[in-house]
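Asker: In the order they appear, the protein sequences are chains W, B, V and A. Read in order, the letters of the first sequence correspond to residues 1 to 417 in my numbering. Read in order, the letters of the second sequence correspond to residues 1001 to 1417 in my numbering. Read in order, the letters of the third sequence correspond to residues 2001 to 2130 in my numbering. Read in order, the letters of the fourth sequence correspond to residues 3001 to 3130 in my numbering.
Misleading hints may appear alongside valid ones.
Unchecked claim - Taking lysine-lysine pairs in the DSS-like style, the calculated list, with each CA pair at most 25 Å apart, reads:
1) B:K1381 - A:K3089
2) B:K1410 - A:K3041
3) B:K1381 - A:K3060
4) V:K2060 - W:K381
5) W:K381 - V:K2089
To be verified - Label pairs and their calculated CB-CB ranges:
6) V:T2080 - B:D1169: 49 to 59 Å
7) A:G3050 - W:D222: 35 to 45 Å
8) V:E2082 - W:K410: 41 to 51 Å
9) W:D190 - B:R1143: 37 to 47 Å
10) W:E309 - A:T3122: 47 to 57 Å
11) W:E309 - B:W1306: 36 to 46 Å
To be clear, the hints were calculated from the coordinates, so they are not data collected in a lab. Virtual Cβ for every residue (Gly too), placed ideally from N, Cα, C.
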Amino acid sequence: MSVSAALDASKTASIIADFPILARKTSRGKRLVYLDSAATSQKPNPVIDTLVQYYREYNANVHRGVYEIASRATDAFELSRAKVADFIGARSDELIWTRNTTEAINLVSASWGAANIRSGDAILLSELEHHSNLVPWQLLAERTGAHLRFIPVDERGLLVLDDLDRLLDGVKLVAITHVSNTLGTIVPLDRIIARAHAAGAVVLVDGAQGAPHLAVDVKALDADFYAMSGHKMLAPTGIGALYGKRELLDAMPPFLAGGDMIRRVEYRHTTFNDVPWKFEAGTGNIADAIGYGVACDYLANLDMTWVREHERRLSDYAFQRLAELEPRGLAIYGPRNASLVSGAISFNFADIHAHDLASILDTEGVCVRAGHHCTMPLMDKMGWAATARASFYVYNDERDVDALIDALEKAAVIFKL
Amino acid sequence: MSVSAALDASKTASIIADFPILARKTSRGKRLVYLDSAATSQKPNPVIDTLVQYYREYNANVHRGVYEIASRATDAFELSRAKVADFIGARSDELIWTRNTTEAINLVSASWGAANIRSGDAILLSELEHHSNLVPWQLLAERTGAHLRFIPVDERGLLVLDDLDRLLDGVKLVAITHVSNTLGTIVPLDRIIARAHAAGAVVLVDGAQGAPHLAVDVKALDADFYAMSGHKMLAPTGIGALYGKRELLDAMPPFLAGGDMIRRVEYRHTTFNDVPWKFEAGTGNIADAIGYGVACDYLANLDMTWVREHERRLSDYAFQRLAELEPRGLAIYGPRNASLVSGAISFNFADIHAHDLASILDTEGVCVRAGHHCTMPLMDKMGWAATARASFYVYNDERDVDALIDALEKAAVIFKL
Amino acid sequence: MDDFYRDYILDHYRNPRNFGHLEHPDAVAEDTNPLCGDHIKIELRVDDQGKIADIRFSGKGCAISQASTSMLTETAKGMTLEAAARLTKDAVLENVGIGISPTRMKCAMLGLRVLKSAAIGTIAAWPDEE
Amino acid sequence: MDDFYRDYILDHYRNPRNFGHLEHPDAVAEDTNPLCGDHIKIELRVDDQGKIADIRFSGKGCAISQASTSMLTETAKGMTLEAAARLTKDAVLENVGIGISPTRMKCAMLGLRVLKSAAIGTIAAWPDEE
Ligand SMILES: Cc1ncc(COP(=O)(O)O)c(C=O)c1O
Ligand SMILES: Cc1ncc(COP(=O)(O)O)c(C=O)c1O
């Protein structure tokens, strides 16, 4: 074992120690092998402790309270906004709190979309998209008379960009994922955004699987909108964020209406608050927003370059080990190249349905997701009824891959492969 | 002291012991006297512990995971929905998770409103409404060409219902608060809902200040929609709920679009899931939703009749003690009758601006809110630039009222009244 | 769950009975399990006495949904529509003969839901939620 | 914050200087503090040399916003518009002479923001966020 691998093992061990759930055993006494971080990540102690500290020490509504704990809560809430913004290279006045990626995308479709999309306009998506970056645009297209186009995906799960300029003709908006949650494919955003801007389109990036795994700099990317979910990147459930270029946000009509997003209200007329609060109606998810900042601190401290490298190495190892089962019927989907994917691998094993496979793996403590992964159209196009998906994060290591392989061996026995 | 008052003091003491924040001192060494529960409530240990347990033991995404912790998370999430529904007399398939009251109201205005409100229709609100139950209807009216009407409020802060039937003429929707957050006024919903239904209108109740303080039975009330916020009723921030009659919900188009709310998705067409999931797009606020059920358990265990009686008694005492300061210029707003109000009292003290008053009270550890309380139009109508508001909940007692009075005395000295 | 996959379950999964289509079915229903996307269609031929004279199912799904539907078609053949409409969760559980974990209950009940929908001519409730 | 309410602050609050309106002002601005609803309007008369020859403010607010605006009008009188536009947070803090808690900073800065807006003819940034 080389020195750097040893160092890395000790770093991973200290990360694992921060996640209390990973020390637990399942009801069958198995070690918890959590390979479903693409669905939601586990949370480290500093994030959990932040929630407890908030509720035990300074829980109060923000922005309007003049007393001490309200002031502390407001400061922590806005400081956290700055941290999350900074994590993706944005300014805090360009970062809107949402519940999750889905709400962030809906915000753009309801506000920017309603103001800018007209009958006959085209919206360009890719065939990789998660339902959350597809259905909002279907509904917008239905309401406005716009139409959808799709960047095609090839049989390896890579986008085919040959026709990109033709596809971009007449397009007002490109809404595209950073990373496919089903195949792990990393989308070449640089190229797509540059071409889209050249064609005069605005670009929204679905960063649900990007921000947790890759170093993101929205300014360098030149994304117009970037949507993400805290719960997939060590933060609590119920908090997400939308980055938007300030001039776009300023020009957009409000989304939800109510307290906090207003400046002056009369019975028959209202003027709205400044960005970002214009888009935040009602009492926010204060505790979890504060937790999101701590999660970003944690990741920044690990260093996102390290995170990416760690996951690349782990994927590489997983591809190797899974290949051992190919002779017995294991099929691996997606690019199969750790440099092209970000920590999620889809597969099927002979004629074992993915749900049955996941159930059997569960008896060994191995948690994987099975099904359509909220990408039904992609599944249909690829001709897969369902796949099993193993996804990795900072707290996974080679032992977890080994546990997966052992559990797959057990499934082979049960299904008499 | 009578026996029942003594019993009650011991019950209150045991409640206080459940709220860790109340044992803290401010930076000036004062006891924390929290009188801002109308903005957000404090959280008892069982709720905080629920979050910690979720994140340490069974954090996983819900609905689609087949492994053990995903199953436990799904069960807890849906069981909690049943608990919160039961708390207001509803069935779990009529209860939609939202972030807060504001989102619940926006859901109805975006979905039911867009499908049912047409140019020329009238929407009836009251002059008491919080911005969250006003601005969404202003925007809907603007979009659709409908117009708003208002049930007037008299100088005591009570609704004037003499003209109700005339006001209801041609009205499609009545959107009305259960309790005024500024004046504490309890709205006679029974009468309004009966008359509204007789006139063929659908009724949405803004229950943000109702559900935390009064025993609510949506079926007995016959409300069509009831909106509420967990954070005002002992639950974590970031979770709320919308109750809707099943037949209304079934007929409504979706609100936000994305994962979880779909049944079948193709690139160009989508069919939607059953109610309530049809209205829940993306990963929900799982931990806090589970915490909301625990908060309802806590309140149900106290008994909402006791909660109401406790707050009535405390308001009564507060009205008495505040009256002592009237000769020195204290002005009490609202009905001034503990039977007509639910635990929130607005006041001003001579020429001390409410913000200055709140700052001075803060130095004594007394937390009150100052300003327009998100009811600017009501403030304008009443001619108040700002008021201070003290609001009570289950963990407050007479000592807190006494602390408020002592702090007001100090303000009188500082301002040389 | 690992004990679930017994020989006869795997046999029904790999060799489903009454799989396919009918030429002119008298009743048809289909449904998707929203949780996993599994889809099942059932076609019925009904005789003069209102009995299920023939039955076919089609679709894709896991061993649980496929095997339980396969067994269910054997149970249903010869039943009246009324009797089929009254079938409960227990009928499926007896067929499969082994505990189903709550997360997989919908998989096991999908076929029954579709059968009952075909029998009553409208969408039936989920048998595990009745 | 309790030491904030000194005699001279209360005096400016209860007897604000330059309070009211000008007949034909050369520049006007107004703004609301979104956090509390306090509103301040400032009207300026500007002489040939671009100096603030007269100034009036109006509106309602707390002792902090009223007193700090009242003092600020005294500071501003005689200044050029350019100089007024360059005034910073510190000018206000020097006037009030005592610490302002972060929650009340916007109250203290509202008048300055309005003055600067009037001086530059468009909405100025919040002086505490520059
Ligand atoms: C009467 C009333 N309605 C609506 C709201 C909005 O609640 P939330 O901010 O939790 O959405 C509040 C709380 O501030 C309220 O008091
Ligand atoms: C690529 C992608 N987009 C969007 C989403 C939706 O995220 P959320 O459910 O947090 O809104 C997900 C997560 O499931 C995802 O993987």
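Asker: Next, verify each hint and record whether it holds.
Answerer: Hint-by-hint comparison with the structure:
Restraint check: the Cα-Cα separation between K1381 (chain B) and K3089 (chain A) comes to about 34 Å, which exceeds 25 Å; the hinted pair is violated. At roughly 32 Å between alpha-carbon atoms, K1410 (chain B) and K3041 (chain A) are farther apart than 25 Å, so this suggested pair is violated. For the given pair, K1381 (chain B) sits about 16 Å from K3060 (chain A) by alpha-carbon distance, which is consistent with the 25 Å threshold. Between K2060 (chain V) and K381 (chain W) the CA atoms are separated by roughly 16 Å; this keeps the pair inside 25 Å, and the hint holds.
Distance hint between K381 (chain W) and K2089 (chain V) is unfulfilled; the C-alpha atoms sit about 34 Å from each other, more than 25 Å. Between T2080 (chain V) and D1169 (chain B) the beta carbon distance is about 55 Å. The supplied range of 49 to 59 Å therefore holds. Range check, G3050 (chain A) to D222 (chain W): Cβ separation about 42 Å, and the 35 to 45 Å hint holds. At about 45 Å, the CB distance of E2082 (chain V) to K410 (chain W) agrees with the hint of 41 to 51 Å.
One distance hint, 37 to 47 Å for the beta-carbon pair D190 (chain W) and R1143 (chain B), holds here, with the actual separation near 39 Å. Our hint of 47 to 57 Å for E309 (chain W) and T3122 (chain A) holds, since their Cβ atoms are close to 49 Å apart. Our hint of 36 to 46 Å for E309 (chain W) and W1306 (chain B) is violated, since their Cβ atoms are close to 59 Å apart.
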